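Trainee: If you want the building blocks of each chain, they are given just below.
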Amino acid sequence: GEDVEQSLFLSVREGDSSVINCTYTDSSSTYLYWYKQEPGAGLQLLTYIFSNMDMKQDQRLTVLLNKKDKHLSLRIADTQTGDSAIYFCAESEGYGGSQGNLIFGKGTKLSVKP
Amino acid sequence: NAGVTQTPKFQVLKTGQSMTLQCAQDMNHNSMYWYRQDPGMGLRLIYYSASEGTTDKGEVPNGYNVSRLNKREFSLRLESAAPSQTSVYFCASSPTRNTYEQYFGPGTRLTVT
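If you read the protein sequences in the order shown, they are chains A and B.
Under our numbering, residues 1 to 114 are what the first sequence spells out, in order.
Under our numbering, residues 115 to 227 are what the second sequence spells out, in order.
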């Protein structure tokens, strides 16, 4: 079945760039997503990318997609302490009756040190 | 506009007890979802409701039942709680099944002793 893998922890200094990586298995995914979870809260969509795109930039966030290697990354420029959270990579399940279900990775906990 | 609300926020149950987790959304969304989140795990889909009047199993449905009471409300019931169901439960909604964004509630932290 579909699987999404990401490293569990990342620690950076304030002001540095953070890069969170993710690999996925479902080549038919239409969208790939990054969700952010702050402590004690639900998930919030941070950004997404269509599978026919290579890159998407949104202010401090850059998403890179390598479809050949099924690799997705999220770069946060000028990381701030407020960026400390868990970041989940997710893909949509393939076509058919289950289209629309999200498959989540285990989440990467980003710690930003002042 | 409250978005997605869940009650209760916290609950402790003894093994074998039953309870219902409530979820409501005020965004006029057609689709609603229940997930569980365990330490070191991503979210896993328990059940979903593509539209009012329909429900379908997700990845981990065993031990749970759901009811789509109306367009706004989607409840999750544990008939006989087990320690393995200790988890944080999230409800989510989206305009349709194929919409790219799901909106999440704040979660219910459930402990089964």
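In case anyone wonders, no lab produced these hints; they're calculated from the structure.
In this text, all values refer to a predicted model and were calculated from it rather than measured experimentally.
Warning: the hint list may mix true and false statements.
As the list claims (entries may be wrong) - Below are the BS3-like pairs computed for lysine-lysine, each with C-alpha atoms no more than 25 angstroms apart in a straight line:
(1) Lys106/A x Lys185/B
(2) Lys56/A x Lys68/A
(3) Lys106/A x Lys68/A
(4) Lys123/B x Lys109/A
(5) Lys36/A x Lys128/B
(6) Lys70/A x Lys113/A
(7) Lys185/B x Lys123/B
(8) Lys106/A x Lys123/B
(9) Lys67/A x Lys113/A
(10) Lys56/A x Lys67/A
(11) Lys109/A x Lys56/A
(12) Lys56/A x Lys36/A
Claimed, not checked - Label-pair restraints from in silico Cβ distances:
(13) Lys68/A x Met141/B: 30 to 40 angstroms
(14) Glu193/B x Gly15/A: 43 to 53 angstroms
(15) Glu193/B x Gln59/A: 44 to 54 angstroms
(16) Asp78/A x Asn184/B: 21 to 31 angstroms
(17) Asn66/A x Phe124/B: 40 to 50 angstroms
(18) Gln44/A x Met155/B: 44 to 54 angstroms
(19) Ser51/A x Ser132/B: 35 to 45 angstroms
(20) Thr81/A x Pro220/B: 20 to 30 angstroms
Glycine included, each C-beta is placed from N, C-alpha and C at the ideal position.
Trainee: Does each hint hold? Answer for all of them.
Mentor: Now the hints, each set against the structure:
1. Lys106/A x Lys185/B: Since the Cα atoms of lysine 106/A and lysine 185/B sit roughly 30 angstroms apart, the hinted pair is violated (cutoff 25 angstroms).
2. Lys56/A x Lys68/A: holds, 17 angstroms
3. Lys106/A x Lys68/A: holds, 22 angstroms
4. Lys123/B x Lys109/A: holds, 23 angstroms
5. Lys36/A x Lys128/B: violated, 32 angstroms
6. Lys70/A x Lys113/A: Status violated; Cα separation ~31 angstroms.
7. Lys185/B x Lys123/B: holds, 22 angstroms
8. Lys106/A x Lys123/B: Cα-Cα ~23 angstroms, so holds.
9. Lys67/A x Lys113/A: Given pair lysine 67/A, lysine 113/A is violated - Cα atoms ~33 angstroms apart, limit 25 angstroms.
10. Lys56/A x Lys67/A: holds, 14 angstroms
11. Lys109/A x Lys56/A: holds, 22 angstroms
12. Lys56/A x Lys36/A: holds, 17 angstroms
13. Lys68/A x Met141/B: 30 to 40 angstroms: Since the Cβ atoms of lysine 68/A and methionine 141/B sit about 37 angstroms apart, the hinted range of 30 to 40 angstroms holds.
14. Glu193/B x Gly15/A: 43 to 53 angstroms: holds, 52 angstroms
15. Glu193/B x Gln59/A: 44 to 54 angstroms: holds, 47 angstroms
16. Asp78/A x Asn184/B: 21 to 31 angstroms: violated, 45 angstroms
17. Asn66/A x Phe124/B: 40 to 50 angstroms: Check passed, 42 angstroms falls within 40 to 50 angstroms.
18. Gln44/A x Met155/B: 44 to 54 angstroms: Roughly 19 angstroms apart at Cβ, these two residues miss the hinted range, so it is violated.
19. Ser51/A x Ser132/B: 35 to 45 angstroms: holds, 42 angstroms
20. Thr81/A x Pro220/B: 20 to 30 angstroms: holds, 22 angstroms
Violated hints, in rising order: 1, 5, 6, 9, 16, 18; the structure is consistent with all others.
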